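Asker: With chain S's structure known, arrange chain E on it following the hints.
As given, the protein sequences belong to chains S and E, one line each in that order.
So the first sequence is numbered by our numbering: it starts at 1 and just counts up by one.
So the second sequence is numbered by our numbering: it starts at 1 and just counts up by one.
Simulated from the structure, these hints should not be mistaken for laboratory data.
All values derive from a computational prediction rather than experimental measurement.
Some hints could be false.
What the hints assert, rightly or not - Now the stretches of chain E that chain S is said to cover, found in silico as 3 or more residues with beta-carbon under 8 Å:
#1 53–66
#2 133–146
#3 281–287
Claimed, not checked - Keeping only pairs whose Cα atoms sit at most 30 Å apart, straight-line, the calculated BS3-like set for lysine-lysine is:
#4 K285(E) - K128(S)
#5 K121(S) - K55(E)
#6 K238(E) - K338(E)
#7 K129(S) - K281(E)
#8 K210(E) - K234(E)
The beta-carbon is built from N, C-alpha and C at its ideal position, and this holds for glycine as well.
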Amino acid sequence: MTEDFEPRVVGFLCNWCSYAGADLAGTSRIQYPPNIRVIRVMCSGSVDSMYVNRAILEGADAVLIGGCHLGDCHYLNGNYKARRRMVLLKNILTTLGMEPERIWVRWISASEGQRFADTVKEIVDETKKLGPNPMRARWDV
Amino acid sequence: MTEHILPVGKGGASGAVNDFLKGLLSSGKVKAVLALQTTPNGRSAFPVLVSDPDKMRSDVFTPLMPVSTATILSRITKTRGSDDPIAAIMRNCELRALTELFKLKQADPANLVLIGVDCPGTFDLNTYSNFPGDKDISSAVLDPKEREKFLRSACRSCADPIPGRADIVIGTFGMDLEKGILVSGKTEAGQALLEGMGLDAFKDDGSREKAVSEVREAADRSREKHIAEHSDIKGSGKIADFFESCINCHNCMKACPICYCKECLFDSAVFNMEAHKYVSKAGSKGSFKTPTDTLLFHITRFNHMILSCVQCGLCEQACPANIPLMDIIIPIAQNAQKEFEYIPGRDLEDQLPMIFYKEEEFESVGDH
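For reference, chain S alone in the conformation it holds in the complex (with noise of 0.2 Å):
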């Protein structure tokens, strides 16, 4: 790991909760690590595996995928689809030993702009104890 590694952090964030909340830290002016590359989605509970994977295939250091608090889903349950979904994933990277630990999930409201900013900080700082995603050096995945 070298000194100067910033971690690449690609964010699912769901419109109704976790991507105000990214909002709200914004125009709330709260410092936090630019490291994250932010995806706007509909609802947790719509981010396949796929995509997670994608992400981690083509390098990203971490993947964070942010939904509403359990019982506040915009769309009554999809955080507790993506939940179930999620740790199916974590489930077979362990297995195959694919580092789970660089995916991340996160119940964050539309007001947790502070929420926001200190889980990408703290992504941020534990990924750079982890060093870079192996998957970046590999070419022919």
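Answerer: Coordinates of chain E only, in the frame set by chain S:
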């Protein structure tokens, strides 16, 4: 449950079962029978749908599974269930896959009579078609030495070779095959079929039960050994290496009884891009291999089907690049199914894990 003995004559075990199926068909209780039958020149065997009792030439003990009978039954009943009773002879992995397909609404159980057979395992397609002519392949599968040499890895680590969810079970383990085969009616439909066939009652001396538990124990041991032997295939680099010879043909998906999507995302145009996007994609890592997204296909496929995976190993058998898929599929399936406390194919009432949720579960995910 009613248990009977099917007498074995000159035609051996396979002939006895064939006569039994012929009897079912002539009695008019079923309109058709779907059973494994060797091809005319003997190099392969496929499920054959027979409606004329005189054309009944099944070889249900042929140690070969070129296709899952579950896939065939899905194809036959998907648009509309059968109007007439069809009896299908199936191995346990096929029965379990069919149960999953029922749950996924990809097959209709109406009027299907499922007859399970004990399965000592099957050989790979090429092993079978090139098997030395002077050896009897059906007895080779029972010989420990030949098994060790030729059995497919999925069969060697089979979770349960004894039929579970079936109307009738044809049992060979623990039976003296020169004398008789066990035929048990497990459901009302199965028992009704067996009535009036003039079969003697089975006298249980415990040897069947003993043999069944021995077979299961041996399978468990071999499974653990398999997992231990391949536990070193771990880590991003090793997994990428594992799939390095994949030609992205998607045969594993096509052979899989669970992968049922009419159009798989990976067969669609989603991954096609304009030339300049390919060039810019190359820019992100400096270069990339084509065809693209091979490992993405496999890992995503695992995510989509692994909870229903019955570990029949047809994916591995279908692989033209000889990737030993079962080396990683067995542990992935075992761990994932354990996490969700789900046993695919056990019971129609067990819900598929990805279609429901509980409010209180997996609480370490999402909060901290």
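Asker: All hints, please: hold or fail.
Answerer: Here is how each hint holds up against the structure:
no., hint, result
1, 53–66, "violated (count 0)"
2, 133–146, "violated (count 0)"
3, 281–287, "holds (count 4)"
4, K285(E) - K128(S), "holds, 20 Å"
5, K121(S) - K55(E), "violated, 72 Å"
6, K238(E) - K338(E), "holds, 24 Å"
7, K129(S) - K281(E), "holds, 27 Å"
8, K210(E) - K234(E), "violated, 38 Å"
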